[in-house]
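Taken in order, these protein sequences are the chains called G and A. Position 311, counted from 1, in the first sequence is what this note's numbering calls 311; the numbers after and before it change by one each time, with no gaps. Position 118, counted from 1, in the second sequence is what this note's numbering calls 118; the numbers after and before it change by one each time, with no gaps.
Honestly, the hints are just simulated from the structure, not real lab data. Treat the hints with care, as some may be off.
No distinction is drawn between identical chains; accordingly, a pair holds when it is met within one copy or between any pair of copies.
Heads up, simulated DSS-like pairs for lysine-lysine below, C-alpha to C-alpha not over 27 Å straight-line [to be verified]:
no. : residue 1 : residue 2
1   : K152      : K84
2   : K135      : K120
3   : K267      : K220
4   : K234      : K250
5   : K223      : K282
6   : K306      : K36
7   : K267      : K250
8   : K269      : K223
9   : K306      : K223
2 protein chains.
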Amino acid sequence: MHSFDALAQQFAAYFNRPHFPQSPPSLYEPAAYILKLGGKRVRPVLCLMGNELFEEIHADAWSAATAVELFHNFTLIHDDIMDKAPLRRGKPTVHGLYGDSTALLAGDVVFVVAYEYLSKLSATNLPKILALFNKTAKEVCEGQQLDMDFEKETAVDFDAYINMITLKTSVVLAASLKMGAMIGGASERNQNLLYEFGKKLGLAFQVQDDYLDAFGDPKKFGKQVGGDIMVNKKTFLLLHTQQVASAAQKAELESLMAGNAPDKVEKVKALYKACGADGWAKELSQQWLTEALQHLDDIAVLSRRKEHLHNLATQLVQREF
Amino acid sequence: MHSFDALAQQFAAYFNRPHFPQSPPSLYEPAAYILKLGGKRVRPVLCLMGNELFEEIHADAWSAATAVELFHNFTLIHDDIMDKAPLRRGKPTVHGLYGDSTALLAGDVVFVVAYEYLSKLSATNLPKILALFNKTAKEVCEGQQLDMDFEKETAVDFDAYINMITLKTSVVLAASLKMGAMIGGASERNQNLLYEFGKKLGLAFQVQDDYLDAFGDPKKFGKQVGGDIMVNKKTFLLLHTQQVASAAQKAELESLMAGNAPDKVEKVKALYKACGADGWAKELSQQWLTEALQHLDDIAVLSRRKEHLHNLATQLVQREF
Numbered sequence: 001m002h003s004f005d006a007l008a009q010q011f012a013a014y015f016n017r018p019h020f021p022q023s024p025p026s027l028y029e030p031a032a033y034i035l036k037l038g039g040k041r042v043r044p045v046l047c048l049m050g051n052e053l054f055e056e057i058h059a060d061a062w063s064a065a066t067a068v069e070l071f072h073n074f075t076l077i078h079d080d081i082m083d084k085a086p087l088r089r090g091k092p093t094v095h096g097l098y099g100d101s102t103a104l105l106a107g108d109v110v111f112v113v114a115y116e117y118l119s120k121l122s123a124t125n126l127p128k129i130l131a132l133f134n135k136t137a138k139e140v141c142e143g144q145q146l147d148m149d150f151e152k153e154t155a156v157d158f159d160a161y162i163n164m165i166t167l168k169t170s171v172v173l174a175a176s177l178k179m180g181a182m183i184g185g186a187s188e189r190n191q192n193l194l195y196e197f198g199k200k201l202g203l204a205f206q207v208q209d210d211y212l213d214a215f216g217d218p219k220k221f222g223k224q225v226g227g228d229i230m231v232n233k234k235t236f237l238l239l240h241t242q243q244v245a246s247a248a249q250k251a252e253l254e255s256l257m258a259g260n261a262p263d264k265v266e267k268v269k270a271l272y273k274a275c276g277a278d279g280w281a282k283e284l285s286q287q288w289l290t291e292a293l294q295h296l297d298d299i300a301v302l303s304r305r306k307e308h309l310h311n312l313a314t315q316l317v318q319r320e321f
Numbered sequence: 001m002h003s004f005d006a007l008a009q010q011f012a013a014y015f016n017r018p019h020f021p022q023s024p025p026s027l028y029e030p031a032a033y034i035l036k037l038g039g040k041r042v043r044p045v046l047c048l049m050g051n052e053l054f055e056e057i058h059a060d061a062w063s064a065a066t067a068v069e070l071f072h073n074f075t076l077i078h079d080d081i082m083d084k085a086p087l088r089r090g091k092p093t094v095h096g097l098y099g100d101s102t103a104l105l106a107g108d109v110v111f112v113v114a115y116e117y118l119s120k121l122s123a124t125n126l127p128k129i130l131a132l133f134n135k136t137a138k139e140v141c142e143g144q145q146l147d148m149d150f151e152k153e154t155a156v157d158f159d160a161y162i163n164m165i166t167l168k169t170s171v172v173l174a175a176s177l178k179m180g181a182m183i184g185g186a187s188e189r190n191q192n193l194l195y196e197f198g199k200k201l202g203l204a205f206q207v208q209d210d211y212l213d214a215f216g217d218p219k220k221f222g223k224q225v226g227g228d229i230m231v232n233k234k235t236f237l238l239l240h241t242q243q244v245a246s247a248a249q250k251a252e253l254e255s256l257m258a259g260n261a262p263d264k265v266e267k268v269k270a271l272y273k274a275c276g277a278d279g280w281a282k283e284l285s286q287q288w289l290t291e292a293l294q295h296l297d298d299i300a301v302l303s304r305r306k307e308h309l310h311n312l313a314t315q316l317v318q319r320e321f
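Given the sequences, and given the hints that come with them, work out the whole structure.
In structure tokens:
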């Protein structure tokens, strides 16, 4: 049994290899570039942990974990094109460096290489993992499209928003865990409980992400605080504030969002606080974490095997950076 | 045994079904739109013919054929974004109608649904077909990137150009045939011969395509003659002319390509003729057809089973539209 950090280190060593041919470099250098930007590698490690919850880590789990991480990077490349984002982890985005067309194509090829890793799975695991991978990939596309649809709307229904976040963020975490569980030989009931754990964890994680973007300690957070507020991103905090604000507060919020005043971040944060969005978000995130852990508890496997996942979930949601 | 036309009709009936969920329509309507634009469905029918060359058509061949046609449409959506093409088959392109971001995402999801059809393959066929599909998808990405690279160069090496066309166009035809052959239980030697047949056929097809774009009968061709010339597209005709032209002819060609004079198409065609590119192209296409048919001849299966593929190859290369 390994902790997240131990497996993250093992995965980093495993993943640090050439995933692409050398030629043509005009295609594969941009593809390799995104991987060099790093990341927490949460999804592949969840896949390994999902396997280890039930059984020693099987070679297939490494292939599935690699496929999941490549898939995640494919979505980052394409999302950054759609969002016209200049930076990713403080470095230029792929399209920023190589142009939209090459980035589009580099994203495509990273996606294909993800499927190449899947095609290495043993015959028993391949069909079911491929099916789950496809279902998840479709859902992520749906989530991204809904996110873009919502950007054009002024008010978004809360349930529709949760559905979008589930599709865009949660299902990949859930599917990574479930793939590991499948490879670990878990029963279908245990697989599904782990999937639900991942889904709730994803929601809790996203609320905490939104909270930190506004209220995180700049020294610990690492990113510019208020980034979401500056670009009027629809977050849990904004949605809640829009729901509970008085007419006067709503008017102030709209006028702040219509402009880019130097004190925009401070004033919107003050409105969030006045509407209790900060405390509400902390509670909501804690509630989803509790629900996630309940699913983990229900899995029929020795409690001590669950410790690392339990700790990880708590850390991810209660993190301050 | 069925002719191309008979199988094309059967495939059209089979393919004419909803391939996508209904929701969200903002994602799946654009995805469905490209399929409604139609097409000759050459690739899926080649897959069916590759199967029928050896054995009665297996259910898996329909899934593989559908995956191949969806893959082709995915590449069309993304290529049209990269080429900034306003029209496809005389209708607005997906990105022209729905915007670049949605088209990018719709392309992605069409690609995923192609893999969904592959995941339906029987356990014996899935691993090898998935591996060939992935290899081919990577090569097509490489071909598209090389094509974009070449656009920026004034002179392109002929062998490099053939390599690009092979990757961008031929390998999908070759792989479609080979997938069918795999499903039909062909020996590896026969599979590879059919693959080589498809590769040469793809080259012959592309030369004829370039020829028709310049010298086709406008009444039969259906597209505007000279489209390639107007946008300075690198074609077999242009490359050959650049190779054999005199210094004066080269200068004239360059000056024509630098502008958009009303008589540009006529003058470039005159240069092509003066350099013998028209006759050269006809010969080259015929030579590749001969090589393709040689591979078909070498396949160890009764000659009468090869008739329909033989006829199709001849028709595709000698077509006038």
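Structure-based check of all given hints:
1. K152 x K84: both (16 Å within a copy, 24 Å between copies)
2. K135 x K120: both (19 Å within a copy, 13 Å between copies)
3. K267 x K220: Within one copy only: 22 Å inside a chain, 67 Å across chains, cut-off 27 Å.
4. K234 x K250: within (15 Å within a copy, 57 Å between copies)
5. K223 x K282: Intra 20 Å, inter 62 Å, cutoff 27 Å: intra-copy only.
6. K306 x K36: Cα proximity of K306 and K36: none, with 32 Å in one copy and 50 Å across.
7. K267 x K250: Cα proximity of K267 and K250: one copy only (13 Å, versus 66 Å across).
8. K269 x K223: Answer is within: at 16 Å inside a copy they meet the 27 Å cutoff, but 59 Å across does not.
9. K306 x K223: So K306 and K223 fail the 27 Å test inside a copy (32 Å) and across (64 Å) alike.
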